Structure formats: structure tokens, C-alpha cells
Amino acid sequence: MTSAATRRRVGHAAATVLFLAVFTHALPAAAQELVREPAYRAFPLIGSRLAVWAVAQLHLNFAAFILGVPVFAVIIEIIGWWTGDPKYDWLSHEFVKLVFAAFSTTALLGALLLFLFVGFYPRFWAFMTNIFVTTYWIYALLFFAETFSVYLWYYGWNWLSGPRKWLHVSLGVVSNLFGIAILFIANSWLTFMMSPTGITESGALKGSVWGAIHNATWMPINVHRLIANLVFGGTIAGAYAAFRFLNAETDDERARYDWMGYIANFVALSAFIVLPFAGYWLGREIYAFNQTMGITMMGGFMSWLWIIQAILIGVLFFGNNYYLWLGMERIPGSERYRKYIPYMLSILALGFMVWATPHSLIVTLQEARAMGGTHHPLLGVFGVMSAKNTAVNLMILTTFLSYVLYRRANKLSIRSWVLTGMAVQWAAFVVAAAIVVFYGVYGYFVESIVRIGFSVYQVGAVLGAIVLVMTIDVPMFRGARSTGPIRWGQIPPRSQYVLILLAVTFTWLMGLMGFARSGIRQYWHVYGVMRDTSVDAVTPALGYASNMITLVTIVFFAFVMFIFWLGGLSERGEAGAHAPVVAPTGAGSRAPRR
Amino acid sequence: MRVPVGVKLSAFALVIMGSYTYFANSIPQIESKPPAELSLEGGDVSPAQLVKFGEEIFHTKGTCEICHKIGEKGTRAPDLAGVGARAAHRRPGSTAKQYLIESLLEPQAYLVEGYPPIMPKVDKPPIGLNRSELWALVAFLESLGGTVDVKLDDIPKTAGAPAGGGGTAAAELTLPGDPKAGQALFTGKAICFTCHTVDKIAAGKIGPDLTQIAKIQTPQYIMAKVLNPAAMGTVPGYPKGVMPPTFGQMLTAKEYVDLVAFLLTLK
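Chains V and D are the protein sequences, given in the same order. So for the first sequence, numbering that gives the first Met the number 0 puts the first residue at 0; every next one is plus one. So for the second sequence, numbering that gives the first Met the number 0 puts the first residue at 0; every next one is plus one.
Be aware that one or more of the hints could be misleading.
Claimed, not checked - Quick list of in silico lysine to any residue cross-link-like pairs, SDA-like style, CA-CA up to 25 angstroms:
1. D:K7 / V:P491
2. D:K123 / V:V537
3. D:K7 / V:T249
4. V:K205 / D:K120
5. D:K32 / V:G513
Hints are computed from structural coordinates only; laboratory data are not their basis. Bear in mind the structure is a predicted one, so any value in this text is a computation, not a measurement.
Let the hints inform the model, and build the full structure from the sequences given.
Okay, here's the thing in C-alpha cells:
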């Protein structure tokens, strides 16, 4: 082991210990001081709210990254183990390297956040502690477990190779389980703040802490965040690959990072497609928990937020499709499919417009009367759930079509049933689209309670089509004749800018959603239970919030670039450790086995 | 000179974020402000000031006048004139102060004869008064025929501040009324349907469409409008003084609560 590596390791360990020390020490102190302590202290210059906001958002960005990336890193490692293809192993290691680099920053930011709560929101912190103290200990222990298993996973890569590979893969799986458990615990705190349950009127636990953990929004947020972490991890890893691609000096390097970017984006895209559904579920639970909160969120002072969100999601869909279309340029034989692009583009554009149509905007009483209600007479038709569900489902289908065309760009099936197969595939697309549109239109003629059920049919149709098309596609193109290998690395550089666009947009979107999640509590720390009586009780408008989100996102990327740059430095130092890798220049995405 | 990739990418990222930020700043900027609250904790107030604050709360945030009048009998709640004196004898063993505090925090603990149990706990949502406000309000009630002797410490620490974080305020309005019965009133005895439209229920054209009234109006406004239409202003484009001011006399307390419960479902 080099001395640099030792130093690094000691540094990581020190950060972890510091984090835990702060964590465990903060508790009794806070509780004792409760009587004498003020409810709030002011953070110098920027005030406590902005301090907590910035650190929380940064911490969340990093945490999402280090929780999201290992999920697909381990899957890719398993693929590599299965197929015996070393390039997957290389890629997985590359991903874990990024996680590793971001690990101690995450922990330090977590410790900083804790400092801020203990120091500047003492009464709030004591209140939460009274309820959640048990989970604190478990969280700390899990954090230990997670840290050490990831360390072993990363450092044991060579040691646990060959016949011991199964052990290594298990390590990856185990550290993911720890990571998910950590995520779920942290989620219990913040979902409790949104939808508190399990406590008496005076704020004490009624039964066990499970009553508070298992609140109305906990599971929806767990699922939503887990998926979003995958998307986020994918886009950030994709941005890293793009950065390396554009900086590459050899064709070999360019090919490698082109491929990495493609895989990372593929991961992000696959997870992104299911994200809206998790979002609807969360929204429904919020409505069910408290109508007022739901209305504040969708129709009240936050209504514009969803328009911005729709724009960002539109950008993500466009970006993904554009990336796939550009990617076809590196595939000989793809010319056949170019003619479809304008149609797909117009469906996306239409869907985007519908989605960005506001549902009900906040209006003054006078405006509402002038309009005859809070719905715009014309726009209102496109502003409701039915239209939006239809739009998003069609956009997902279109994106999937882009992917299918991309997949077969250089392949000529050698199956005798290829015509039938393709006909069935197209039929699946058409039927799914028809079902989506049918229920979308029908939705206008039924009660809203029935209408909510329709979205299930729409999603079912889309997912069904995806499964059916893929089940046909895989055997149909197995052993297919190739019109030429994918020329990895020969993609126009602007495609790499698209990857950056996706990463920046998704990070910003995450900041926005964080604002939405915490903003709907308005002037409550814990909704309906503990009021925010600080000077910051006003929930700011979107412009202010977006300035803040942008600033924090800039800081985040500055951090990330620095950390990635550090990673690059160590790579140069350890030249050869993991370098000899087969460049993925084989036919299709399948490299010959060793 | 070649621009380094890092610089180009950073500039690109800044442009993207810049455009999102620009857009977010160009739309209507709406803040969500916490409702105004009175805090007298630790402050020096004379009994006279306190009574004045209390009267203010009685008329505004407390929304007591939905049910009570002073100096005249409300249809659904007792006249509060002289309550400061009367309170001392309401309940054996309770002083006036204790009785008044109890009637605000636990209104159902002692029911004035002949009245239904409809008074809400005023330190809970939707009224959600905090301790300071309760203190002032009790002082005001005492001043109605009695002596003002209430101290902040007389108000239980748990009142209005369940979690030690300051008062609570309206989170959700739940009325004990029955919306079904309210709908029957709307289309029957209360004759609202003759003037108002509600989708699939009524088609009157004299007054405004109420199909989404609960969405565009606060519960407070709706409750008050039914009792005293003139006091709540006139909806532009509609005749003044047409909506009858007599519902307060015409409806019983239960009917009123049912009707409002129905109106609040219209969104």
C-alpha cells in the first residue's frame, strides 16, 4: 500500500469517527439544555435557514450519489461476473471509485448538518430526539456497517477476485442493503415532519417509535428516493464519463468513456421512466393525509412549481431521446431508422406542451370570478390529471421506441419469423398508445375517483407493451447479422454535452423537489404539531428558491469536479492498477469473451 | 488558444442553470406567510391593554361571532353580556376565571342549558389561538361584568402549544356537521338553490355559481357570508342586498353547521 493511500484511508476513517462522535454526543446535551435553551439561534450573516438549506441540499446530493451508484455498480459487476467480460468489471470498479471518493464528503456534510440543527434549532432538535432517539443509534451503527463494507468492497477488488469473486459480489450486495436501510431511516425523520403520526397531542410517542416511522408518506418517499437516486447516480456518472471523453487523448480512452456514458445514461433513463408513477403515488398519499396540504402543494402557492418541474422533465425526455438519436450515428446501418425521428420529436413536443399546462394556478378572488372558477376555460382542459397522464405515458412510449430503434440499429435479424415479430411489436406500441389515449379522453367523463383508477390502466398498458416488445426483441435479434460494429468513441462531441445537460438538469430538479417537499409544510417544522416561530417562518417564493437551488448546485458541481479531479490524480499515481482493460470496440455492445 | 474542456463544460452548465433560474424568477412570486400571531409572553401589559387585545381577537381571529353575540341572544350560542359575573356561579367550586378558561379549552365539559355541544376547542385548529391570545381573550370575557384577574400562568402550558414550539394554527377544518343533511337544506328549507348554481344539484341564476366556492374562498368567509351577507362585501357583478340576511334566524345551530359542512365540500 502506498503511503498516499494510507493517508487517504486514515482521512476517511477520521471523518467517519468525527461524524459519529458528533452524532452521539449531541443527544443528551440537547435534551438537558431544553429548559434553558432558546428555541433558535441565528447563524451569522446568512441566517439559519439558508445555512441549513445549503448544507442539507448538498448533503442530499452527495448521499443520493453514494447510495444510487452502488446499486447499479453491483448489478454491472454481476453482469461482468456472469459473462466473464472484463470490461464490465472495469466499469463497475470505475463507478465504485467515484462513490468512494464522495464518501467522506457525504459524512462530513452530514455532521455539519447535525451541528446546525443542534446549534441553531435546539428546540426542534430536542423534539425530534425525544421521538426518534432509538433510530439515531441504529442509524449510527448502520453507518459503520455501510462504511466498512464499502471499504472492503473497494479495496478488496483484486484480493477477492477469481474463485473468491462471489464473496466480493456479496459484499457489494450487502453494502447496498445497509445503504438502503440508512436511506429509509433518514426518510422516516423527514416524512414524519410532513405527516406526523404516532404521537400524543403533547408531542410524546404513543407507542413505539415504529408508529412515528411508519407514517403516511414514508414508503412513497422511500420508493421515490430510491428510484431518483438511481437516476441521479446515473446522470452524474454519465457526466463524469462525458468529462473524461472530452478530455481523452487516445481513441481507446474515448471508446471506453463513450461506452461508460452510454451505460450510465441507460441506467438513468430506465429508472427515470418509472419515477413519475412513484411521484403520483406520493402525491396521492399527501392528499389522503391532509387535503389542505395537498391543495397547497398542487393548487396553492406552489402551483407554479409544477410547471417548472414539467419543463425540467421535458428537457430530460428531449435530452435522452436526442442522445439516443446521436448515438445512432456511431452505428452503421442506423440510417434506416432516421426517418422516424421527426415523428417522435413531434409527439415529445406535444406531450411536453400538455404537461407544462398549469392545472389550477393561484388566482385572486377577482381573477377567479373573471375566469369563472380557478380553471382556465381552455387551458383547463389540458391542465388536468387525465391529459397529463396521457402525455407522460406517450412520452415514455416514444422514448422507449427510440431505445428499441437504437438497439436494432446495426442488426439484421436472421429469424424466419421476423416479419411477424415486428408486426406484433408495432401492434403492441399502437395498442398501448390507443389504450392510453382512450382512457385519457374517457377520464373527462367520469368522477375523479374513477379517473384516478384509469391511470393504473394507462401505466399497465405502457409497461405491458415494454415487456412484450422486449420479449420479442431479445430472441429476434439474438445472433443477428451485423451491419457493422458500434464504433464506440465516434459519437459527435455534442452528445457529451447532452449528458452534462441531463446531469445538471436532474440535479437542479432534485433541488427543486427538495424545496417542494419541505416547503409544503409552510410555517410548520412538524406539520400541524410544531410551529416554526423563527424569523424564517415565511416560505419563500420560487424565484428566491431557484436562486438558492442554483447556488447550491454550482457548489455541488464544484465539489464533484474537485473530487473527480482528485480521483484522476490518484489514477495517474497508481497507473496500471486497473488499467489493462479491453476497450469495448467489439460488435454491438457484446465484446468477445476471454 | 484552446479553451480547456472543464471551462467549456462549466460555462455550459452555468447557462443551463441560469435559464432555469431566470424562468423561475420571471413567473409570479408568491410567498407563504405564517398567520399573524399575538405574543405577550414576557411582555408587560396592563389589564386594560389586555382586554383590548382580547376584544380584537374576539372579533377577528377567534371568529367567536359566528355563534356568539354580546348584548343580544345569538341563535346558536348564549349571549355573552355579563358572562364575567355569571361565570363565578356557573359551576360549583369553579372561580369565574377557571370556568372561563375551561369553557374555551374544554367547551363540552359544562354545557349551558339548552345549547348543543357545538363550540370548538379554541386553542385547536381551525381557530388555533395561542396562550397569549387565550390570556387576552379570558381577560376580555372577565371584563364583561367581572374583574380582570387572569395571569398568563393561569392558562395551562399545554394549551395551544402541544409540542413546545409555539401555538398551533389552522391545519384542517373539520366541522361536526353532516354534508348530506347540508345538501338537503341547500336544496330545500334554506332555499339557496333558488339563487345559486351548484353542479348537478342546483341551477339558480341570481347569485354566483357556488360549484367551487370552497376552493376560491376560505371557510371563515363562507361561514360568515351565510349569516351576514352584507358584512362580507358584495360579489362584483351581482346585486347588493339580494342575498337574504335572515339565515342566522332561520336555521338552527345544527342546520347551520350541516349547511357549512356541505358548502366546504364544494371544490
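Outcome of the hint check:
{"no.": "1", "hint": "D:K7 / V:P491", "result": "holds, 16 angstroms"}
{"no.": "2", "hint": "D:K123 / V:V537", "result": "holds, 21 angstroms"}
{"no.": "3", "hint": "D:K7 / V:T249", "result": "holds, 20 angstroms"}
{"no.": "4", "hint": "V:K205 / D:K120", "result": "holds, 22 angstroms"}
{"no.": "5", "hint": "D:K32 / V:G513", "result": "holds, 19 angstroms"}
The structure meets every hint from the earlier list without exception.
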